[in-house]
Amino acid sequence: MSEAPPRPEPGVVDAVDAVVGDLLPTAEAVPRTQWQLFRRRFVRHRAAMAGTAVLLLLLVACFGADWIAPAEKGKQDLLAEPAGPSWDHPFGVDQLGRDYLTEVLYAGQVSLRIGLAVAVISTVVGSILGALAGYAGGWVDSALMRLTDLFLVIPQIALLAIALKRFGSSPLVITLVLAALFWMGVARVVRSQVLVIKQREFVEAARAAGASDLRIVARHILPNCIGPITVNATLAVALAIVAESTLSFLGFGVQRPDTSWGNMLTDARGFVGTDLSFLIYSPGLMLLLVTLAINFIGDGLRDALDPQSTR
Amino acid sequence: MTAPLLEVRDLAVRFATEHGPVQAVDDLTYRIEAGETFGIVGESGSGKTVSSLAVMGLLPSTATVSGSIRFRGEELVGADPEELRRLRGDRIAMVFQDALTALNPVMKVGLQVGEIIAAHHDTSAADRRQRVVELLDVVGIPNPERRAEQYPHEFSGGMRQRAMIAMAIANEPDLLIADEPTTALDVTVQAQVLEVFARIQERTDTAVTMITHDLGVIAGVADRVMVMYAGRDVEQGSVDEVFYAPRHPYTRGLLASLPRLDGGGGRLERIPGNPPSVVLPPGCAFSPRCGFAVAGRCDQEPPARREVAPGRSDRCLRVDEIGSVA
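Those sequence lines, one after another, are chains A and B. My numbering numbers the first residue of the first sequence as 24 and each following residue consecutively. My numbering numbers the first residue of the second sequence as 668 and each following residue consecutively.
Hint data in this document are derived by calculation from the structure and do not stem from the laboratory. All residues carry an ideal CB built from backbone N, CA and C; glycine is no exception. Fair warning: there could be bad hints in the mix.
Here are a few chain A residues that sit away from chain B, every Cβ distance over 10 Å (derived from the structure) [unchecked claim]:
#1 L199
#2 E224
#3 I249
#4 P251
#5 T289
#6 T314
To give an idea of the interface, some chain A residues facing chain B are shown, with a C-beta separation under 10 Å as derived from the structure [said to hold, decoys possible]:
#7 F225
#8 A232
#9 N247
Whenever a hint applies, use it, and build me the whole structure from the sequences.
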């Protein structure tokens with residue numbers, strides 16, 4: 024039962040590295056670590072690098088709005104005529120005489136913050152529940168997975184609308200409610216990964232070393248799931264930003280005076296077909312850019328974290 | 668006489684499978700004294716690994732264990748799982764066959780060796796690090812400080828096995844169970860790894876259980892040996908006794924099937940047939956393949972273990988008729 028056939032070599036590169044490492048213990052030919060391999064593959068992924076650049080630019084612009092924005096937040100110039108994009112006002116001036124670029128940047132703070140927070144919270148919650156289900160198995164697994172199914176079949180928009188009416192539409196509540204509806208995907212992915220990894224021999228070895236269940240999950244199993252977890256978390260950011268926009272668009276999301284890209288779209292909706300049509304483009308474009316950038320990053324991470332990848 | 672380090676008595680392990688119960692280990696009795704090297708030899712499926720996993724308390728929940736396993740006088744069968752966890756890796760440690768799969772691919776080797784210390788002792792990370800470097804040095808890994816910072820895939824097979832051993836001896840266990848520790852290695856590296864075991868036993872009073880199907884390994888390192896067939900021990904004794912005066916026909920067959928340097932150029936001896944897989948034959952499990960088997964007796968009556976001298980036993984109905992070594 025223990026005489027398993029010898030496993031195939033993990034890869035020529037690894038084998039050569041291992042040999043070189045043995046022959047030349049102090050040689051400069053230091054074998055590449057997993058982190059270095061990952062970084063190399065990610066940097067070579069053009070779309071992901073472009074996505075990273077765009078996302079960084081937007082993050083800096085939005086969260087640096089206090090220094091970067093051309094006007095003061097929400098400052099109305101009642102004498103200014105609403106006008107389309109110009110050199111002075113790249114995104115134009117809205118119906119209240121506000122510089123629209125400034126508005127978009129500050130609104131981005133709210134949208135991005137909600138997106139990031141939802142991704143972090145739902146990833147942590149989903150990972151913990153998924154790991155628990157996969158590792159414990161049995162009735163714990165069944166109970167948690169049925170709970171996951173339950174959350175998946177809930178009509179989300181309806182639940183969100185009710186919850187936000189009940190608890191108010193502050194960004195914090197929106198974040199928590201969205202997170203409560205976002206953890207299921209991560210939980211399922213983590214559970215399936217844990218089911219595979221807990222069969223691996225190093226988990227048995229850790230058990231033989233007297234590691235407790237908590238230690239085995241935290242130190243041995245979850246680090247081996249980091250790839251799918253990261254990819255899922257990344258995509259959750261984009262999905263959460265879009266979800267927040269949808270809610271705001273329907274009037275349940277971020278409420279004035281707070282602005283987000285979603286409620287800017289709502290406000291601009293009424294001007295479609297008039298001279299002020301341009302008001303709908305810039306927040307929409309921001310949403311598109313952020314979502315695309317994050318999805319490209321997710322793709323790049325997936326490829327870079329995949330050990331089979333040959334890029 | 669003081670109590671032995673490990674005393675296994677009437678151990679039986681049964682697995683519930685889809686095809687009905689499978690008796691992996693049956694009526695197994697052996698003892699291991701402190702500091703000695705105890706070899707367990709047998710073919711695939713003879714129950715050597717299962718019996719050791721039973722000692723570690725690592726069998727899956729589909730297994731039913733009965734009998735008694737006493738470690739330093741303490742009963743392990745049916746013991747509290749937390750109690751067993753504290754023993755594992757601290758007092759009883761295990762070296763696995765395939766170090767590549769038994770090491771966590773995403774954790775630095777040094778940290779992994781440190782993990783087993785952290786699982787049992789409340790020490791600072793700096794102390795652990797220092798101890799890990801010491802351990803890697805003990806098992807003969809050159810440049811331990813730099814190697815501790817590397818990942819398992821950057822190690823060669825022999826180095827990985829050394830790292831596994833370093834992990835197993837980190838808490839200076841009383842018993843080290845090595846399950847085919849050299850099978851996945853080529854012959855020169857095999858010798859070096861066995862050397863490491865010998866060195867560890869010189870330094871500490873660790874007993875080693877060496878599980879293998881390689882009689883050469885047993886002859887080289889073990890003090891006493893147990894031959895297993897179909898989940899039972901068919902013969903036990905000192906290495907010299909078992910190798911030079913084998914009693915059980917199966918042991919004889921095994922020894923006769925070894926290639927000899929001084930022998931003629933003839934074909935190798937072999938044991939006809941295959942070991943039983945799931946359903947054991949009635950009577951002696953070896954009888955269908957045994958040249959000495961007598962119809963109506965060996966295939967009817969299961970032989971019992973007979974202790975012929977302290978630490979020397981066999982399990983064969985005809986052993987006295989067929990005499991000692993042929």
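Here is how each hint holds up against the structure:
Every C-beta of chain B lies more than 10 Å from that of L199 of chain A, the closest at about 32 Å, which supports listing it as non-interface. Taking the minimum C-beta to C-beta distance to chain B, about 4 Å, the non-interface status of E224 of chain A is violated against the 10 Å cut. Its beta-carbon lying about 7 Å from the closest one in chain B, I249 of chain A breaks the requirement of being farther than 10 Å from that chain. P251 of chain A, annotated as away from the interface, keeps every beta carbon of chain B farther than 10 Å; the closest lies near 13 Å.
Non-interface status of T289 of chain A relative to chain B is upheld: no Cβ of that chain comes within 10 Å, the nearest being about 46 Å off. The Cβ of T314 of chain A lies farther than 10 Å from every Cβ of chain B, with a closest approach of about 30 Å, so its non-interface assignment holds. At about 5 Å, the closest approach between the beta carbon of F225 of chain A and any beta carbon in chain B falls short of 10 Å, and the interface hint on this residue holds. For A232 of chain A, the suggested interface contact is upheld, since its CB lies about 4 Å from the closest CB of chain B, less than 10 Å.
For N247 of chain A, the suggested interface contact is upheld, since its CB lies about 6 Å from the closest CB of chain B, less than 10 Å.
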